[in-house]
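**Student:** Here is what each chain is made of, one letter per residue.
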Amino acid sequence: MIHVWREKAQKRCLEIGEPKPKQERFQYLPLTHLKLAAKASPENAGTLASIEAYRLPEFAHCLVFVDGYFSPTLSSLPKDLVCLPLDQAFQSYGLFLQNRWTKALKEEQDWFSALNAAEHGRGAFIYAPPNVKAGLHILNILTSDALGSPRLEMTLGKQADVTLVQTHVHLQSNACSNQAIDLTLGEGSKVRWLDMALLDPSATSFWSARATLKRDARLEILAFTDGAAVMRSSFSVELAEENSSLSLQGLAMLADSRQAHVHALVDHAAPNCTSRQHFKAALAGTSHSSFEGKIFVRPIAQKTMAYQLNNNLVLSDEARSNSKPNLEIFADDVKASHGSTVTQLSAEELFYLRSRGLTEIEAKSLLANGFCKELIDAIEIPSLRAPLLAAMKRVLANSHAL
Amino acid sequence: MYLIEIKNLHASIDGKPILKGLNLQVRKGEIHAIMGPNGAGKSTLAKILAGHPAYTVTEGEIWFKGQDLLSLQPEERAALGLFMSFQYPLEIAGVTNRHFLKTAFTALRKTKISEADFDTLLAEKMALMEMRAEFGDRSVNEGFSGGEKKRNEILQMALFDPDLAILDETDSGLDIDAMKVVASGVNRLRRPDSSLLVITHYQRLLDYIRPDFVHVLFDGRIQRTGDATLALELEAKGYA
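Quick mapping for you: the protein sequence lines, in order, are chains L and E. Note that my numbering numbers the first sequence so that position 1 is 1, with each residue one more than the last. Note that my numbering numbers the second sequence so that position 150 is 150, with each residue one more than the last.
Bear in mind the hints are in silico, worked out from the structure with no lab data behind them. The C-beta atom is built at its ideal place from N, Cα and C for all residues, glycine as well. Take the hints with a grain of salt, since some may be wrong.
Stated by the list, open to error - Looking from chain E toward chain L, a few residues come up when the C-beta cut is under 7 angstroms (computed):
1. A50
2. V57
3. E75
4. A79
5. G81
6. I92
7. A104
8. L108
Claimed, not checked - The list that follows gives simulated cross-link-like pairs (lysine-lysine, DSSO-like), each with its CA atoms no further than 30 angstroms apart:
9. L:K214 with L:K79
10. L:K393 with E:K20
11. L:K393 with E:K112
12. L:K22 with L:K103
13. L:K393 with E:K7
14. L:K35 with L:K8
15. L:K39 with L:K103
16. L:K8 with L:K393
17. L:K103 with L:K393
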């Protein structure tokens, strides 16, 4: 069954066409250097003796991908969630998946996301039955420099509540990944997705998150990264039914020549929905970030509240940041705003701190810390804080301004 | 022996002269008020004393506790016992007020203080300024009202215990109740040998913080000096 869908996705890929530098959604990506590696083989899961070192102490359950292939043997899956390899899921959840994929492929505009649908390894399927509350660590291991294409399909029943934390492990340099996550949130359900893309500096990493929210559903995404040779996040969220809400936040802390790019589309397709986007980047060295976001409010989506904010703090002369927020509003009773800043440390704030006894370096470090910590402090999982604070310190150490 | 002595101070910003030969001497324990119309150079004087990098001193000297103040960095001036309460205190996102205050306290005292000891000290000073404990956990000045920001400035004065405190229009934007809290905080905090330089537009604040001397700053120079009654005269007749 799944091979039929791979073929359809392949066709869609060809229709969309490979990314070109002049296309809006790829204009800031260094496409000239982009070469995706050959596809990884599924054979490497067996070579991993133990994954204990990569586990998070706060999570009893872990879903493991190795080189893009879901590994049921390495995973320890919670009983209250249905977790299956995607091809098996087609036997029990075929109708749902076919409907979902038909719509998704038709609407997909992003080549990387469509490519994953065609080329993904052994995908994983998660179903959270109604009223279930669960937490799950998703561990993405790449053992080689071949292209891994992990795929996760997840659907939540009414009032289900799932917290997911994803971490990444690269065992070799030049790791290459093109991940897709596809979420369907049933009525009143809730997903909190925490992505910890702390990556090898030589890695090429693409990931796409797609989500559809039914009535009263809530999706919270908090995505951290320290960037990579190329790193791009693509978000596309449809607020499909009334009173659903989205919080989409991200922080990139970029040192050296690392890059992180964000493309976000929020589609308000029903009345009374709320979306808040806040993406931040702190840049040192010769790093590069970009943000391109769009809020789309359809004619039916009255009483929409939609906010989008992108703040970039440039800490060196050579770092650069591009920002392009967009609003397209076709309903008349809407509260929406977008904003973007690209700034250096404020001279007035520095003077204020120095007049209180802090040296220039202490003052700069406190301000840059404050910029990052606004989002880091939103994390409630203790074991994740140390690696993020370490990434922040690397940026400060690499900062020309300090 | 003066605590601070300003001699023939000339200063400009972006090439535009603001101070044009200002002289002022303050002894230990004295309260001086500087009044004057908008644009006279009052806030410029405060910022120059604190070491704001945007102003250029073109002529003159400033001696503070026997040291050449103009040769010192802002943080060195603060460590020497000079404090300026900002007219417009800055908001610092992502840094809690408590963390900021403790970092500054440690930097100024150049000694470590335990978390518990600092919390005790902070709670005592916040009570003095009638500030609720939550103002320790919030980001520095972020979402504070005008009055709360000014209280937070005087809270810093309370913690750092400076020899010279410069209050730059601390009364602006305050209602009468908030002003009384701020003024009574200032009065209770002051040691007999510490000094105050109160910069204000209006005589109102001086009903609560009684100055020994009142100076009128106009066109970049001190034009008149008198006692507290001068403030009343200015209130009645204006600066002209």
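**Student:** Quick check: which numbered hints come out false for this structure?
**Tutor:** 2, 5, 10, 13, 16, 17
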